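Asker: Sequence:
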Amino acid sequence: MSKRALITGITGQDGSYLAELLLENGYEVFGLVRRLSANNYWRIEHLQDRLTLIPGDLLDQLSLIRVLERVQPEEFYNLAAMSFVPASWDQPMLTGEFNSQGVTRVLEAIRVVDKSIRLYQASSSEMYGKVREVPQRETTPFYPRSPYGVSKVFAHYITVNYRESYGLFAVSGILFNHESPRRGIEFVTRKVTDGVARIKLGLAKELRLGNRDAERDWGFAGDYVRAMWLMLQQKEADDYVIATGEAHSVQDLVELAFRHAGLDWEEYVKVDPAFLRPAEVDQLIGDASKARQTLGWTPSVKFDELVKMMVEADLARLSKT
Numbered sequence: 291m292s293k294r295a296l297i298t299g300i301t302g303q304d305g306s307y308l309a310e311l312l313l314e315n316g317y318e319v320f321g322l323v324r325r326l327s328a329n330n331y332w333r334i335e336h337l338q339d340r341l342t343l344i345p346g347d348l349l350d351q352l353s354l355i356r357v358l359e360r361v362q363p364e365e366f367y368n369l370a371a372m373s374f375v376p377a378s379w380d381q382p383m384l385t386g387e388f389n390s391q392g393v394t395r396v397l398e399a400i401r402v403v404d405k406s407i408r409l410y411q412a413s414s415s416e417m418y419g420k421v422r423e424v425p426q427r428e429t430t431p432f433y434p435r436s437p438y439g440v441s442k443v444f445a446h447y448i449t450v451n452y453r454e455s456y457g458l459f460a461v462s463g464i465l466f467n468h469e470s471p472r473r474g475i476e477f478v479t480r481k482v483t484d485g486v487a488r489i490k491l492g493l494a495k496e497l498r499l500g501n502r503d504a505e506r507d508w509g510f511a512g513d514y515v516r517a518m519w520l521m522l523q524q525k526e527a528d529d530y531v532i533a534t535g536e537a538h539s540v541q542d543l544v545e546l547a548f549r550h551a552g553l554d555w556e557e558y559v560k561v562d563p564a565f566l567r568p569a570e571v572d573q574l575i576g577d578a579s580k581a582r583q584t585l586g587w588t589p590s591v592k593f594d595e596l597v598k599m600m601v602e603a604d605l606a607r608l609s610k611t
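Sequential numbering of the sequence shown, starting at 291, is according to this note's numbering.
Calculated directly from the structure, the hints in this document are not laboratory data.
As the structure is a prediction and not an experimental result, all values here were calculated from the model.
Do not rely on the hints blindly, as some may be mistaken.
Stated by the list, open to error - Using C-beta positions, here's what the derived DEER-type ranges look like:
1) Gln541 to Ala606: 23 to 31 Å
2) Glu454 to Arg422: 52 to 60 Å
3) Asp404 to Gln524: 40 to 48 Å
4) Lys610 to Ser406: 29 to 37 Å
5) Glu335 to Met383: 30 to 38 Å
6) Pro376 to Glu557: 47 to 55 Å
Ideal Cβ placement from N, Cα and C applies to all residues, glycine included.
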């Protein structure tokens, strides 16, 4: 019999890549989706006839219990979250409800229904915030610099607490920034590659950005979901940093993207204070040594290849409109 996996956030970037990976490995895949006035299924359209989508909500404890009773999954990947960091200052309470209490509801549902379900919880490099050491590893103290980062710290530790208190197989993947052509347009990587494509095609004249000095450890989302899956295949539940170990600034991203399109970035990029964060996170670089040694995980897509992939995808998409 094939394994059953339940994914929250299946319509997002990571959820869509993870669903592909699990289907390739013979899983029966279920996705928890919120009831919305407009569906946002474009990332999983090519998979929809192979998935089972079930309504449910991280804000509703009873709906989570009922879904677990119906699906009876062996593996549960909790990827759903209020994930756009700047928006967390505008909606701090809702961010906490989804990212903190939502995770608690997931853990409680597993404890009540079936404690043998293996849970992957999506933690974030934003938990490190004002970093205490470079690079950051599993033992680096957290110092979040946004409501989003704070909410993820709670989610991380409540997952550890349920693992230690109730014996659940619950792991947290501390994933550093991971991107793809399926990244939301509001994130800086897609904002840059979409902006470059629009300028190249004559659809825009400039690209407005905030802090270009911030450094991030950017990898490919398709690589990172493989690490999620590997974590749930281990004998022991543990937490892992997933990262490339290479830092690049937003300025590096800008120069690579414009160069790939044959454009001079200095002619088009403008600084806009509206895009500056109230509290900036300057340098996130991950040490994934533990994941490499224990999981056998390594990233396969380099930064320049990732930027090229995203620029080409945005050029192709916008050329059709």
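Asker: Hint by hint, note whether the structure agrees.
Answerer: Against the structure, the hints:
1. Gln541 to Ala606: 23 to 31 Å: holds (26 Å)
2. Glu454 to Arg422: 52 to 60 Å: violated (24 Å)
3. Asp404 to Gln524: 40 to 48 Å: Since the Cβ atoms of Asp404 and Gln524 sit about 19 Å apart, the hinted range of 40 to 48 Å is violated.
4. Lys610 to Ser406: 29 to 37 Å: violated (47 Å)
5. Glu335 to Met383: 30 to 38 Å: Given about 33 Å between the Cβ atoms, the range holds.
6. Pro376 to Glu557: 47 to 55 Å: violated (27 Å)
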